[in-house]
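Peer 1: Between the sequences and the hints, there should be enough to build the whole structure, so can you do that?
For the sequence shown, this note's numbering assigns the number 1 to the initial residue and increments by one for each residue that follows.
No lab work stands behind these hints: they were computed from the structure. Treat the hints with care, since some could be wrong.
[Said to hold, decoys possible] Each computed DMTMM-like pair below joins lysine to aspartate or glutamate, with the alpha-carbon atoms no more than 20 Å apart: (1) Lys466 x Glu483; (2) Lys254 x Glu362; (3) Lys421 x Asp375; (4) Lys299 x Glu260; (5) Lys254 x Glu369.
[Stated by the list, open to error] Per label pair, the in silico range of CB-to-CB distance: (6) Lys466 x Tyr598: 48 to 56 Å; (7) Gln508 x Glu329: 28 to 36 Å; (8) Glu349 x Ile239: 40 to 48 Å; (9) Ser491 x His424: 19 to 27 Å.
Using N, Cα and C, we set each Cβ at its ideal position, and we do this for glycine too.
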Amino acid sequence: MAGFKKLILIQIISWLLCVAAGSYFISVGFDNAVSEAQKSAQVTVSKYINELSIDDVSAENLKKSIANGNTFSNFTLRDYQGAEVFSVNSSKELPAFAEFIQSQFNSIRPQFAVNDAADVKVEFTLNIQQLASQLQTALFIVILISAVLVIIPIILLKSIFYQLNKNISTTVSDIIDIYINQNQIDDDLQTALDGSSLKKLGKDLVPSFNRLSHFLKSKSQDIQNAAMSIKQEAYKDVITSLGNRNMFVEYYEKHIENCEQSTFGSLAMVRCSELQAINQSRGYQKGDEYVRGVADIIKHLSGTYTGSQLFRLNSSDFAVILPHTPLKEAERFGENLQSRFTQYQQNQELSSVANTGIVGYEKGKPLGELLSVVDNAMSMAQSKQTNAWHVQRETDLVNNVSAGFGNQNWRKVINEVIESKRVHLVMQNIMPLGKSIKAYAEIQVRFKTEDNQMLPTASFLAMAEKLDMAIEIDRLIIDSSLEKVKSRNLSEKFFGLNVTASSAHNDQFVIWLERRLLKDTHIASKLVFEVSEFGLQQNIKASKRFIDMIHRVGARITVERFGVGLTSFKFFRDLKPDFIKMDASYTRGLEDDKNNQYFMRLMVDLAHRIGVSVFAEGVESQEEKHIIETLCLDGVQGYYIEKPKDI
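Peer 2: What follows is the structure, given as structure tokens:
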């Protein structure tokens, strides 16, 4: 095909050369014809005007004799001083091709004739419209004939090349097929090649096929290695370098659910109980360190079990597969985890570390059912005590109904906490950054079991919200806080209390809270109620009613975790909060994040314009505190400023 394309190129060049040569000779002939016509016209004009004086020359005579519009395109007569006596122009507009020709040939330039005796001068231009039309026709004929002479050979040669290429392709295809199937040239191919001009070609192709086969094998291995590397990256958790949920699902389906051999073992799910609290109070960097610490503990203990596998399913959950490990042995694994988590908790000064749910598995067990059971085991563990574990056996599930088992247990635990008022109050101060700034201490709550063990705060509050028990918990916290302030004679200090959005939007709770605060008005004026920005946005109208009530009794409002949602400034004009507390994610690494600095400076400026103070939480270092001071915020809160302490 390359030879055919080259042949076409040669034919096109030949055609262009023919057209150029024909055009050249035609133009030369045209120029000669025009020159002869010009000379003849000049002789005629000179002879005519030499026989006349200026007085005898008239427009009618000239037009009648020599300027009838066909011979000349223009004709101008001037006197001895050069003034124009009259001018005759052709009324016909020249075609575009005629104008082009007239501009290209020097022989069609204006001509002159002079009557010396009468001082008469004539300027004229020959009309070449007819000659140009003849030239155009001649050029078209040359191009057409040249094209025909070029196209006909191309058509014939294309047919020849196509047939030849088809024969070669068929033969090469046969060679490749036989080589692939048999890796050699057999007798059938030799017979097919005998007597053919392609026989030598077929033999010469065999070494090339050997090299091609080796090349493809090596490239195939490279592609497989690259694909495996990409898969490993896609299946790896960035923070812990463990396999992620996708790898866990693939492993379970291949080695357990669809395994050909009989298999059994234990599955443990470990949930980090303080990740959300650490992210908010200490920052995401500390949260990542906490997750890696938990992962290291699990990895160390599970490594003692043959064939164990560890995965990170999501931000807070790990899955541990212990092949051929009965539940009795898995209980010892849970005890060891709890012991190590408690030690880690004391070293890191945490409220808790993680809980563990454990279930057994066997071949063919669907993953969805197994995860549902282990989730129930996790709920049971969370309701026990700090860093607790729980083994869920099939015999514990009546009629295999497990969907609500964990929820029922949580409801029981929450009710026990409410009835016994087993809450422990701590506080964390907000440091003001100006003498005129009024800050406060945020009251935080820890919940206890019957054994006086701390429950995971984040899990407890999340389950209370899920079970529609958040309002009862908020009432318990507010009652306990007011009693604590009164009993310790702390009515001169300002305290902040967290309220869930579901409580703030509940009319009965709002009525109860207003009556409760009116009983202790001197304390109510010292309280600041914190509600999340996202929660307030869920129902602006109800949020405004709640805030208006808070202001009516003399208390104040803080919009916490600000910056997570997409709040417009109209939100502040309508609700009129007293403080906003920037989300901890804006504080993390603030000294190196110009975007967060710009956003916080903008929010401070806008908030101050309407009398709202701005606090920062999650401050962990001197550098962060210094940047916040330069951004003119009103207060800071975090572990660098003060750790939570008993009231």
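Peer 1: So, for every hint listed, does it hold in this structure?
Peer 2: Okay, the hints, checked on the actual structure:
A hinted pair counts as satisfied when its Cα atoms are at most 20 Å apart, and lysine 466 with glutamate 483 does not qualify at roughly 28 Å. Distance restraint check for lysine 254 and glutamate 362: the Cα-Cα separation of roughly 13 Å lies within the 20 Å cut-off, and the hinted pair is therefore satisfied. The hinted pair formed by lysine 421 and aspartate 375 fails the criterion: a straight-line CA distance of about 28 Å is larger than 20 Å. At most 20 Å may separate the alpha-carbon atoms for a hinted pair to count; lysine 299 and glutamate 260 exceed this at roughly 28 Å.
For the suggested pair lysine 254 and glutamate 369, the alpha carbons sit about 17 Å apart, so the restraint of at most 20 Å is met. For the pair lysine 466 and tyrosine 598, the beta carbons lie near 38 Å from each other, so the given range of 48 to 56 Å is not met. Between glutamine 508 and glutamate 329 the Cβ separation comes to about 51 Å, which falls outside the hinted range of 28 to 36 Å. Evaluation of the 40 to 48 Å hint for glutamate 349 and isoleucine 239 yields a failure: the beta carbon distance comes to about 22 Å.
For the hinted restraint 19 to 27 Å between serine 491 and histidine 424, the CB-CB distance of approximately 21 Å keeps it satisfied.
The structure fails to meet hints 1, 3, 4, 6, 7 and 8 from the earlier list, while all remaining hints are met.
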